[in-house]
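Chains as they are written, first to last, in this note's numbering: chain A, 1 to 301; chain B, 1 to 301; chain C, 1 to 301; chain D, 1 to 301.
Just so you know, the hints here were simulated from the structure itself, not pulled from any lab data.
It is possible that part of the hints are untrue.
In this list, chains with the same sequence are indistinguishable; a pair is considered to hold if it fits within one copy or across any two.
Stated by the list, open to error - Below, in silico cross-link-like pairs of lysine to any residue (SDA-like), each with a Cα-Cα straight-line distance of 25 Å or less:
id : residue 1 : residue 2
1  : Lys248    : Glu36
2  : Lys138    : Leu73
3  : Lys174    : Ala222
4  : Lys248    : Ala53
5  : Lys134    : Glu80
6  : Lys91     : Glu31
There are 4 protein chains.
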Amino acid sequence: MSSFRVRTDLALEVRENMEESARECRGVSVEEEYREESEIRITRVVIETMNGARAMGKPIGTYITLEAPAMILPDEEYHEEISAELAVQLKRVIPGLEKELSVLVVGLGNRDVTADALGPNVVDNLVITRHMMKEFGKAAYDRKRIHMVSALVPGVMAKTGMETREIIQGVVEKTRPDVVIVIDALAARSTRRLNRTIQITNTGIHPGSGVGNHRNAITQDALGIPVIAIGVPTVVDAATIVSDAFEKMMRLAGEEPLEIQDDLFAGQGELYNMYVTGKDVDYEIKQISHIICNALNSIFE
Amino acid sequence: MSSFRVRTDLALEVRENMEESARECRGVSVEEEYREESEIRITRVVIETMNGARAMGKPIGTYITLEAPAMILPDEEYHEEISAELAVQLKRVIPGLEKELSVLVVGLGNRDVTADALGPNVVDNLVITRHMMKEFGKAAYDRKRIHMVSALVPGVMAKTGMETREIIQGVVEKTRPDVVIVIDALAARSTRRLNRTIQITNTGIHPGSGVGNHRNAITQDALGIPVIAIGVPTVVDAATIVSDAFEKMMRLAGEEPLEIQDDLFAGQGELYNMYVTGKDVDYEIKQISHIICNALNSIFE
Amino acid sequence: MSSFRVRTDLALEVRENMEESARECRGVSVEEEYREESEIRITRVVIETMNGARAMGKPIGTYITLEAPAMILPDEEYHEEISAELAVQLKRVIPGLEKELSVLVVGLGNRDVTADALGPNVVDNLVITRHMMKEFGKAAYDRKRIHMVSALVPGVMAKTGMETREIIQGVVEKTRPDVVIVIDALAARSTRRLNRTIQITNTGIHPGSGVGNHRNAITQDALGIPVIAIGVPTVVDAATIVSDAFEKMMRLAGEEPLEIQDDLFAGQGELYNMYVTGKDVDYEIKQISHIICNALNSIFE
Amino acid sequence: MSSFRVRTDLALEVRENMEESARECRGVSVEEEYREESEIRITRVVIETMNGARAMGKPIGTYITLEAPAMILPDEEYHEEISAELAVQLKRVIPGLEKELSVLVVGLGNRDVTADALGPNVVDNLVITRHMMKEFGKAAYDRKRIHMVSALVPGVMAKTGMETREIIQGVVEKTRPDVVIVIDALAARSTRRLNRTIQITNTGIHPGSGVGNHRNAITQDALGIPVIAIGVPTVVDAATIVSDAFEKMMRLAGEEPLEIQDDLFAGQGELYNMYVTGKDVDYEIKQISHIICNALNSIFE
């Protein structure tokens, strides 16, 4: 099977693409909810054991997916029903919210590439309070519980010459937050999910996916504090789209795709590092950034 | 043949993809040159007759392509050898340069989508002189021949609610330039050509290609003055990439792709309005914008 | 008096700065309201006669000012109370809203200078519908009254080489809207008003102010259709700030500033084309753009 | 004297504004050069003793100023003569260039405020090599001496909630460069110098100036490695411009400004945090960013 070249950052899609039998594997639990009024589907995949992790190709932890087709439609209220639901789900995975928390929000990705600018866009509109608390103290606020929010847009390696992880580690060691929240653009398998889906996980970020490659992972292991990741699929790998279209066509033609495909794909090297996006990517990314930003602001205000 | 869904805006690629026999069609002439020192290949396709236009699916006119693989490499001199060659080729198609010319440069595309921002980026760095000439007259310049340059970034229909052509027509009627130069991002058929190729044509812009659809064309017919288009392929249609990968694989497998493909493609509707770009699109677009901008500035200074 | 170098685009400030006696001039009526709950002060200055126009140095028409100190504070609801009030006031001056209206919204100013980017920012987030109505017709909408919204960011003369008025005239002649709404950043006299004040007027835009200079005015006279202007003071002229500080100091020192000042100012030529802004100008402009955009979207949805 | 409210970040202006006698103070040496052909004036102020530091209100170190009026004029060669001269002067203060050096370039300032975006703009166009060297090693380059360049845009405290110094310290400790180069927008005293002057110093950055305030200084003391600062005055403090205009006028009026001014200024609190910029600030910042970026690229290529 051509799975090595089919890429998805969504635990939800990994599971969908497993064979029927494999889905029932031990060590992975799945719950689904559907909100009628807001048309939001919430799927909660929990990988509980190393067995489950191997089967899924993702680390042990919780993966919550919100699917909301309305996300990309214009809305005067900026889809506050999605923001509200996102806040509810985030509160379930961010540890320590009952106390006063110091949170570092990290906007990953490249500000100058529309589909990759989700993280920086979210951070641009966040209410930042750590410096105010440091300067004026809690007394300046008329509240009984105050969190401190700081934020960082580290940039991508091609523009910094540094691993994103190095930058975050350095800043975490110096400013000592209690938890890190990273926002990132993901790759989906299906174009249907682009910019309509938000994934929350407490396993951090694993560039290049797979459980093996730990070198640049942005995780609790690497930073010493919990790392919550919020991701939105904004692109599909070009190789994935070709591979999937191929399988679909073969199936329609009643042929068996599996054997020949790998050799055939050898010739597709030029698809490496190529991505598929939609033509309204700028508008859609702006909408989703608002939704995520409003959810975070409401949690930490 | 699946030609209806394979899209390219490059006359060069249309010709490459014609069957051997069809290439020799009357009414289309082709010349090639190669500059050893700068590694620039220049192809000049001239469609001379309606017959040629039908065969090529492009209007009668001249199409000059510069292919320069170096275009996307870093360079301290901003690839002035490519700018210089581009200026040479542009001077051959811009009519009236021997006199004093009033030129309106139009940067088409969406400023907020990286791969579509080529036109706006070029205009952002252009030396604009029309207002100076209007205010201070030719006396202010120590030259014997002065052109007047104005520029416009009309925006895309989704953001203006107006046809780009309507906006340009209105501005042309009001400000009366002698010639319009439009800069636009194009779709190529092959990822190999992305951001390494510049096409110049004196036929203007034909959105959706094909010779039939005249409704929104930005051409001498529509504006009443010559329209020179400078285009760079920055994306490949997702449907095109799938279709081409499919054909290539079928050919490798020794099968004949032509008959079954059309039906199979019926299921690929979700690829509509999806585009493929490379991950360094921001850097590459910036480089090419510089090259085009420098060429224009050198012609009109 | 040094009035020739004290600049304000706000009718409100013109009136404030008039001598007590002059304020009672015939031909100018003033009404004030104050909204307790939202802390918005609304001042409605109507210049009714040529006499009034001469006294005020502004054309005959209505000038409504909303002063809302809260405008620059962070707010999760994006200050919807200010948006709502702005919509109420706009509805009083936009003619034809009871019918279906075709509106062209024009975002004046320079996108690349933070304090001047208000107009482009508002337009970037507007819901655009004209092209949808043209393509799908009213049937596509489940409403009994549908307006058509189009939008334009013409850019500034230094970057286009064209008068902004020429561009707007051309587009209006081609696309035939019923009314034009222009959004622009203004100059205030007092730093206290920066980014806390919105002025609505049905007299359009008069660059360089004064009733005399008609050359580049964007008005009903120039365009043949009503022109509503929405302006926000985002800068103070450097010469104005110096002049005002000087007067204030002289007054504190018990001296009479009027006679000597003009000569003294002759040496201040280097303040020409210099502007004063605050250090949070980026955040404040973003907030106000949201407020204006939301008001317009609610009127035309 | 009102010196407490007159602010300049330029050592050159500090010295100009000293009384004639004070200029000859021990511990401060000054050299001037003028390049006829490029019209660049180079002033080298060296503060050698604590005495000199107190007199100048600036730390011990070298301050090199390039004044080049041509800097803001359009130029097809991007003012390579100024870049070249800047590179010459930088090589005199960057220690260790004879070896292979790992350099971290930090672009200070706020990307969203035009006059403050100089640092981020320079970094955006820098050739970054550290990650390539780490991945491919020196062998990948056909050179005998290779420097490693990394870059960071930390953002401003209002948007990060963190001291810029904390972020840089964290990143320096993690990535261990040999030297840090910080680029920042400065405040000048005179509008004449805006965007026409580049200051290089080996003393780093001292926010709020003065030798006393060490809390947030970005210096060799704070980072443990040499810190070279490249600064360009892009704004004048509003209070400074008022104060200077006042003095000039009083002097023209034959009066003695010194005694009364301080009290009078008490009323000018609203000028706090207000800045003066020119109307072409976007164009000028873009030009200078290019000049600085080209100089750095030529040193480290």
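Hints that the structure is at odds with (numbers, increasing): Numbers 1, 4 and 5, in rising order.
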